[in-house]
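Participant: These protein sequence lines map, in sequence, to chains U and R. Per numbering that gives the first Met the number 0, the first sequence starts with residue 0, numbered consecutively. Per numbering that gives the first Met the number 0, the second sequence starts with residue 0, numbered consecutively.
Derived by calculation from the structure, the hints in this document are not laboratory data. Predicted, not measured: the structure shown is a model, and the values here were computed from it. Treat the hints with care, as some may be off.
Using 25 Å as the maximum straight-line C-alpha spacing, the simulated BS3-like pairs for lysine-lysine come out as follows [stated by the list, open to error]:
1) U:Lys124 <-> U:Lys81
2) U:Lys169 <-> R:Lys143
3) U:Lys1 <-> U:Lys13
4) R:Lys139 <-> U:Lys13
5) U:Lys130 <-> U:Lys77
6) U:Lys97 <-> U:Lys77
As a plain string of letters, each chain reads:
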Amino acid sequence: MKELFELLAEYNAKTNQELLGILGAQTPELLSRPAGAYHGSILGVLNHLLQADAIWLRRLAHQLPELGFVPPELPAFKVGLKDVVWDSLPVFQPVREKVDELLRRAVREMAPARYPEILEYRNIKGEAQRKVIWRILLHVFNHQTHHRGQVAALLDQFDVANDYSNLIWKF
Amino acid sequence: MEALPILRTMLHYHAAATRRTWDLVQGSVSEEEFRRELDFSWGSLRNELLHVAFVDRSWLALLRGEPEPPDDPFESFRSMAQARAVADASLAEVEFCIAGLTAGELEVALPGLDGTRWQILLHVANHGTDHRGRIICQLKALGKPDFEQDLVHHLRGRF
Chain U
0 MKELFELLAE
10 YNAKTNQELL
20 GILGAQTPEL
30 LSRPAGAYHG
40 SILGVLNHLL
50 QADAIWLRRL
60 AHQLPELGFV
70 PPELPAFKVG
80 LKDVVWDSLP
90 VFQPVREKVD
100 ELLRRAVREM
110 APARYPEILE
120 YRNIKGEAQR
130 KVIWRILLHV
140 FNHQTHHRGQ
150 VAALLDQFDV
160 ANDYSNLIWK
170 F
Chain R
0 MEALPILRTM
10 LHYHAAATRR
20 TWDLVQGSVS
30 EEEFRRELDF
40 SWGSLRNELL
50 HVAFVDRSWL
60 ALLRGEPEPP
70 DDPFESFRSM
80 AQARAVADAS
90 LAEVEFCIAG
100 LTAGELEVAL
110 PGLDGTRWQI
120 LLHVANHGTD
130 HRGRIICQLK
140 ALGKPDFEQD
150 LVHHLRGRF
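All chains, full assembly: derive it from the sequences and hints.
Facilitator: The structure is reproduced here in structure tokens:
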């Protein structure tokens, strides 16, 4: 069901844009402040998400020729899901926006006939894996929502107003 | 590829992950910690967890064409068991809804609601994921354990 994934891709990009708008009004110190979160700070959580999305996009593009436009556009980085690769908002934001656009375009270009196919790839430990493509797409967008929820909790902790997450009110 | 298996997957995941979160809370948090005011969106674990349950049952009532049930004040829930009973009832409603869904119903635009049935159900699942992310942060702030919430982990063994 292409419409559902297109909605998730649009929601994802729009919500990230709203979140980036909120973060742009904060000090660099607040974004890097250790907060006892799973990835250390707001920027740490966002780096984890961006790395994960880029990794999934690369795996999908490796198998699906119609996503050949993806790899040249992806950021190059050494994978370390707990590392901060993009260490400030001005560095992070354009990469986030680029990857969100790639996700939208990938969903647009992917025919529904692909959804039940099996993606074969290696995880970051090098182990062979197999997963159904539609479940991977669901995971990618759900993973973003989960971690944006964590960022919202950190913003609450820092007394920064945030209300960007509800899907149903955006469309 | 139809939307029905996708929504079923998301809503089963929502119900399972929410129950697991409740199990974790009940197994690791004291009654005082459950009610303690924290600097998070709904103020306490109790309020955050109840908010998810209230939102779930409201949307499900609206999908059935019924009025939204009134939300009892958070303060009226004096124990985890009392709050859990509400959550369990709303998750049972989610599962009942999933079991009875047909592909044709998903596309129906609902009068007075912004969206079709599938969009609203997707919102219900997404809303739960967002709040479980917040709850995990609350638990971490209280020094409690967590669990792997990723959908791919939930689906492990099913590709």
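Participant: Confirm or reject each hint.
Facilitator: Results of checking the hints against the structure:
no.	hint	result
1	U:Lys124 <-> U:Lys81	holds (14 Å)
2	U:Lys169 <-> R:Lys143	violated (34 Å)
3	U:Lys1 <-> U:Lys13	holds (18 Å)
4	R:Lys139 <-> U:Lys13	violated (28 Å)
5	U:Lys130 <-> U:Lys77	holds (24 Å)
6	U:Lys97 <-> U:Lys77	holds (18 Å)
The structure is inconsistent with the numbered hints 2 and 4, although it conforms to all the rest.
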